[in-house]
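**Student:** Sequence:
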Amino acid sequence: MSEAEKDFIKAHQNDEVTTLLLQAKKYPNLNIPDLVLQIKARQKAKVKLPEWFENEGIVFPKMLSVEQCSSEITAKFKANLVQGDTLIDLTGGMGVDIAYMSKNFKKAFYNEQNADLLNVTKYNFEQLGIENVGFISGNSVENFEKSTHNFSWVYLDPHRRDDTGSKVVRLQDCEPNILQIKDLLFEKTDNILLKTSPMLDIDLAISDLGNVAHVYIVAVENEVKEVLFHIQSPRSVGEELGLKLHAINLAKNQQNEFTFTKSQEKNATIKLGSPQQFLYEPNASILKSGAFRFVAQHFDLQKIAPHSHLYTSEKLVDNFQGRAFEIIAVCKLDKKDISKHLTDNKANITIRNFPLTVKQIREKLKLSEGGNEYLFATTDAQNQKIVIICRKTGILPVNLP
55 MSEAEKDFIK AHQNDEVTTL LLQAKKYPNL NIPDLVLQIK ARQKAKVKLP EWFENEGIVF
115 PKMLSVEQCS SEITAKFKAN LVQGDTLIDL TGGMGVDIAY MSKNFKKAFY NEQNADLLNV
175 TKYNFEQLGI ENVGFISGNS VENFEKSTHN FSWVYLDPHR RDDTGSKVVR LQDCEPNILQ
235 IKDLLFEKTD NILLKTSPML DIDLAISDLG NVAHVYIVAV ENEVKEVLFH IQSPRSVGEE
295 LGLKLHAINL AKNQQNEFTF TKSQEKNATI KLGSPQQFLY EPNASILKSG AFRFVAQHFD
355 LQKIAPHSHL YTSEKLVDNF QGRAFEIIAV CKLDKKDISK HLTDNKANIT IRNFPLTVKQ
415 IREKLKLSEG GNEYLFATTD AQNQKIVIIC RKTGILPVNL P
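Position in the sequence shown (first residue = 1) + 54 = our numbering.
Read the hints as simulated data drawn from the structure, not as lab findings. Incorrect hints may have been included.
Claimed, not checked - DMTMM-like cross-link-like pairs, simulated, lysine to aspartate or glutamate; straight-line CA separation at most 25 Å: (1) Lys100 x Glu57; (2) Lys100 x Glu70; (3) Lys102 x Glu311; (4) Lys98 x Glu275; (5) Lys116 x Glu229; (6) Lys98 x Glu108; (7) Lys161 x Glu196; (8) Lys316 x Asp262; (9) Lys369 x Asp434.
Hey, can you work out the whole structure from these sequences and the hints?
**Tutor:** Encoded structure:
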């Protein structure tokens, strides 16, 4: 990239790209359509990849690659999970994950069959000063099969779109298919880190994969972004090893983690109870993990109903991982009754095990979105449909140690 191109991108990185395209004739010596693509990618990267955004030498590939790549915050999290002598990434892409994971290895290898994408990534790693990554082109499975190396870790983020460009979720629909190549990978490694869709059925994946040591459900600011599986080779799995699930919620300079085992969830003792002084909604990663019983036992909460996944207590639990509210009232779904407890005709509405949608409830109660009150429409332990009216307690997330 020339200095003139870099200067143009820097000068217009916050501009509306449609306007720039219309003004292309003003810059006869520059390829404005290509530079506009860079500007669009940088605008997305400003939030998703802030360290890369700050590096003016970085060249971004097509937008789909930027949209599909890991964010900086999740890549840094993954880097904390792996270390050793050698790492190979069989699904290179933009290389965000290996850029951070490679810091924990003497040598790392990036494999990408798209030659243009590989060349862009190689150039970017030079700009970032990453010197311990080797680049391999071509089919990663074939290359791995031919390799004479053993690896401390193998990382995969399989392609999750079909031939029509539609998103897929199931392991067997992704490319490469981990279920078909797992045995091959274990010929040359004892550890696989697999990134999957946040929509994946975790229990089914655990059953299909086998030898899963850890599952990490990773959310960023309470939105689940990815599910990671640490799969160990049969020869390295000891009898004492039990599968652990880690519900992770990442935010700027903060990380919450809730770890449990399947047996802890199965054997957890829970109490059902009517809404008391406080209401709790676990964060998205805990809900995705399926820790519906153990979270109640761990924080000494009562569950409002077996299938509602809302919790209550008389005294405030100040380290709860999720949202906490002070209960104002418990009502039936009645406009006159509920309106007595609202400061205006606004409310934030959530449904948990309730037959109506949020939109239907909003229309029935004639409420607009927003305000300081929160309505939780749910079903209690007596199978009664109720609306719990709350205000936030102002609980802060747990800080990193």
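**Student:** Return the numbers of the hints above that this structure violates; sort them in rising order.
**Tutor:** Nothing - there is no hint that the structure violates, so all of them hold.
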